[in-house]
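Colleague: The lines below spell out each chain.
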Amino acid sequence: MALPPRQRVEVFALTAPAYLWLAATVFLPLVAMVYFSFLTAVPVGGRTASFTLAHYISFFTKPIYWFNAWRSIELGIYVTAISLLVGYPAALALSRHVKGRWREAIFLLIILPFWSNALVRTFSWTMVLRQPLNLLFTYPAIVIGLVHAYLPYAILTSYISLQAIDESLIEASRSLGATTLQTFFRIILPLSMPGVLAAIFLIFVPVIGSFMEPRILGGKDAIMLGPIIEGQFTAAFNWPLGAALSFMMLAIVLLMLALAAPLLRRQLGSS
Amino acid sequence: MRRLSHAYLALVLAFLYLPILVMVVMAFNRSALYELPFTFDLVWFKALAGNERLLAASWNSIWIAACNAVIATFLGTLAAMAFARYAFRGKQLMQILLFPPITIPWLIIGTSMLIFFFWTGIGRGLHAILLGHVALSLPYVIVVVGARLQSFGPALEEAAATLGATPVQTFMRVTLPMIAPGVVAAGLFAFAVSFDQFVISYFLAPPGTSTLPVEIYTAIRKGFTPEINAVSSIIIVISMGLMLAVARNYRFGGE
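Taken in order, these protein sequences are the chains called Z and A.
Mapping of the first sequence onto the working numbering: position 113 corresponds to residue 102, and the numbering continues sequentially without gaps.
Mapping of the second sequence onto the working numbering: position 146 corresponds to residue 819, and the numbering continues sequentially without gaps.
Just so you know, nobody snuck in bad clues.
To be clear about the criterion: a stretch of chain Z counts as covered by chain A if any three or more of its residues have a C-beta under 8 Å from a C-beta of chain A, and this derived list gives those stretches:
1. 13 to 26
2. 96 to 104
3. 136 to 146
Here are a few chain A residues that sit away from chain Z, every Cβ distance over 10 Å (derived from the structure):
4. 718
5. 720
6. 816
7. 828
8. 832
9. 834
10. 843
11. 849
12. 881
Everything labelled a hint here was simulated from the structure, so no lab data went into it.
Remember, predicted model here, so these are calculated numbers, not experimental data.
Where a beta carbon is used, it is the ideal one built from N, C-alpha and C, also for glycine.
Work out the full structure: start from the sequences and follow the hints.
Modeller: The following block contains the structure:
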């Protein structure tokens, strides 16, 4: 697809500003983070820094980091599972039992909070959880707050894939004598799998990286990788260690994605 | 089955909106300790009007969100034009590169921006926050405007070019009017992304200067007061209002 030179210049002029911006603010910083994670100190203001593997050695040898990384993954599993268990039936109800304008209105009402202010929504839970529930500053409070944050994602992606199912397949299944449950498990659920998998990825990743929700709702129970990384940058000021931990978090995310890739490809390929 | 479905959806909506409602109601309650019974009072909004820190932070937030909307919409629309109207090598890779900024956890993006900006001398501050917000908004703008461009083929643009219009004329007189609803939606969306963004701003804000979400987070960590409820209520109204405006201009997912 070699373009004529004139068009090549046009494409360059149109795309370069946006991509140079992204390079300078996202891609180069990610590379810099990896570089910093191998240094003993931040090489700014005349300080000298030398190469070290110490931060990674601590991550792999000190149980506290393992423990925190596992707590983050565990939180991701809880939040993703609950969001889907609550959200999928809601998407099903919306796509099969609500019609016309009502459906559009309810769909909008569900995704509206998702695109609104996350910090404020987290704060709003402190109002409900304090009294008389007495759940504020506990682990369940973190889970509830995060489910509230990501439930719309689960509903949105499930709804989109449920919406795309050809109605005639369901009618065919019924007329061939399948019960409602059989139709659900053999037709509807398998065909909506791409939406479910998208939800798993889209919820799990940000939950692993969360620190604001655990801090506000979890209090002393905010023992996870996210708050620890935040602490390295805002309280302990050990940036190289923070960078190493950030990079390990990114590695966990990429590993999950790599594990899910064959599954995703099969799902997307078959539908 | 139908009844059950409707009841369930009502329950889900109650879960999504109830805490927000409680927060807003408490902003109008006189008690400083969120005590009931409810007594209507505007005292917390009045206190807010005299809170210099929050007012300064609000002004910063609005200013950054507006600059972000203009810059991201402009740069994003250009890139979307290239994707929609040209076939070139590396296009697919460039489209894939739009995913990292919106899928990598903000904590990782934010801390790496902090490191890089500090190291290169860009430093922290409102300018750094703006740099970061534009990066987060660009992918959304490119997708939203791109979808709009896709729905109109290049036929009219080709006709304009054949009739002798320059590329700039074609864009201003033909393309832009056609994609205007998409561009407006993208601009509002970019404004909302920036106005609601907390994590990136948190790491890039220097001591003393900050945006509204950063200021609220600091206040929450110090202890809750109904003043935070008041400012949060205002934010949630603006934030949801913006998204409704986007939805009017642009239909999300689904059908």
